[in-house]
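Protein chains: 2
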Amino acid sequence: MKKQENGLIGIVIITHCNFGKELFSVAEEIIGNQEKVEVVSLFSNDNLDTARKKLKEAKEKVCGEKGILIFADMFGGTPCNACFSFIQEDKLEVISGVNLPILLKTFSLRSNMELSLLVKEICRKGRESIVDTKSVFLERLEKK
Amino acid sequence: MKKQENGLIGIVIITHCNFGKELFSVAEEIIGNQEKVEVVSLFSNDNLDTARKKLKEAKEKVCGEKGILIFADMFGGTPCNACFSFIQEDKLEVISGVNLPILLKTFSLRSNMELSLLVKEICRKGRESIVDTKSVFLERLEKK
Chain A
993 MKKQENGLIG IVIITHCNFG KELFSVAEEI IGNQEKVEVV SLFSNDNLDT ARKKLKEAKE
1053 KVCGEKGILI FADMFGGTPC NACFSFIQED KLEVISGVNL PILLKTFSLR SNMELSLLVK
1113 EICRKGRESI VDTKSVFLER LEKK
Chain B
993 MKKQENGLIG IVIITHCNFG KELFSVAEEI IGNQEKVEVV SLFSNDNLDT ARKKLKEAKE
1053 KVCGEKGILI FADMFGGTPC NACFSFIQED KLEVISGVNL PILLKTFSLR SNMELSLLVK
1113 EICRKGRESI VDTKSVFLER LEKK
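Chains as they are written, first to last, in the numbering used here: chain A, 993 to 1136; chain B, 993 to 1136.
If you are wondering where the hints come from, they were derived from the structure by calculation, not from laboratory data. Take these hints with a grain of salt, some might be off.
Since the list can't tell identical chains apart, any single copy or any two copies may satisfy a pair.
[What the hints assert, rightly or not] Calculated pairs, DSS-like style, for lysine-lysine (alpha carbon to alpha carbon, straight line, at most 25 Å):
(1) K1097 with K1117
(2) K1097 with K1013
(3) K1117 with K1083
(4) K1083 with K1135
(5) K1046 with K1013
(6) K1136 with K1013
(7) K1112 with K1135
(8) K1051 with K1136
My request is simple: use the sequences and hints to build the entire structure.
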């Protein structure tokens, strides 16, 4: 059991307010409890310095030989900008624009995939997860 | 002012638990207060029937001549499945896989864009919002 935990890519979710916390909570409810995940919530009294400090602490809690994947809520927001201080570190990757399918897919793949491959796969699957749902529904209806 | 409010496309955000509520709260904090938006939170005691009922009530609160755009957290989840009961209605669209950039872009565009065009634009922008942030950072660094 311990071996598997050590083998997991560490995950940090950094967002404005409690959005990341709720997102992670929903993901765990769907897919089960997750090891090596930290959530960083930034509030109106945080600035880039405190954001970096919180992120550094979170990173240290989940770091390991397989590396760390950080999810930020939006490219260019303070949570994402805080990541830039660490982005040149080895075995550290950042994906912006996190949503629920992205988290679920990450949790299902991270024990069996190398970090750089995981990033590519998650970006691809993440983009596919944004679905014009009415069009898909009507296409399926036509095929019946 | 009233004319502008009537002219807005109505928005419903339907998700597991309070994920949608927190997401909307962050979006409002960034872009300012929004009219004609309802959030539906589904909990473990909800089933497809109660989900549909909650969604119907939310729809009725934001409906108007410009139509309604519903955001669900994930294609195939209960929040999304509840939308299928209404998906053949006129001037009603559904996008699954909502994230923060999607909401912000929607709020900035919905007063000046027709519903079917908005859906296409938001799906496109939403997919672009999922960013392999380290790759983008390193590319920019190389160009300097």
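Hints and how they fare:
Taking the shortest alpha-carbon separations for K1097 and K1117, both the intra-copy value of 8 Å and the inter-copy value of 21 Å come in at or below 25 Å. In the homo-oligomer, the alpha carbons of K1097 and K1013 lie at most 25 Å apart both inside one protomer (17 Å) and across protomers (23 Å), since each shortest distance falls under that limit. When the C-alpha separation of K1117 and K1083 is checked against a cutoff of 25 Å, the pair qualifies only within one copy, where the shortest distance is 21 Å, while the shortest distance between copies is 29 Å. For a Cα distance limit of 25 Å, the shortest separation of K1083 from K1135 across copies, 23 Å, qualifies, whereas the shortest one inside one copy, 45 Å, does not.
Taking CA atoms no more than 25 Å apart as the test, K1046 paired with K1013 passes in both settings, with 14 Å inside one copy and 24 Å between copies. Neither within a single protomer nor between protomers do K1136 and K1013 lie at most 25 Å apart by alpha-carbon distance, with minima of 41 Å and 36 Å respectively. With identical chains, the CA atoms of K1112 and K1135 are at most 25 Å apart between copies only, with a shortest distance of 22 Å across copies and 32 Å within one. In this homomeric assembly, K1051 and K1136 never come within 25 Å of each other (Cα to Cα): the closest approach is 49 Å inside a single copy and 28 Å across copies.
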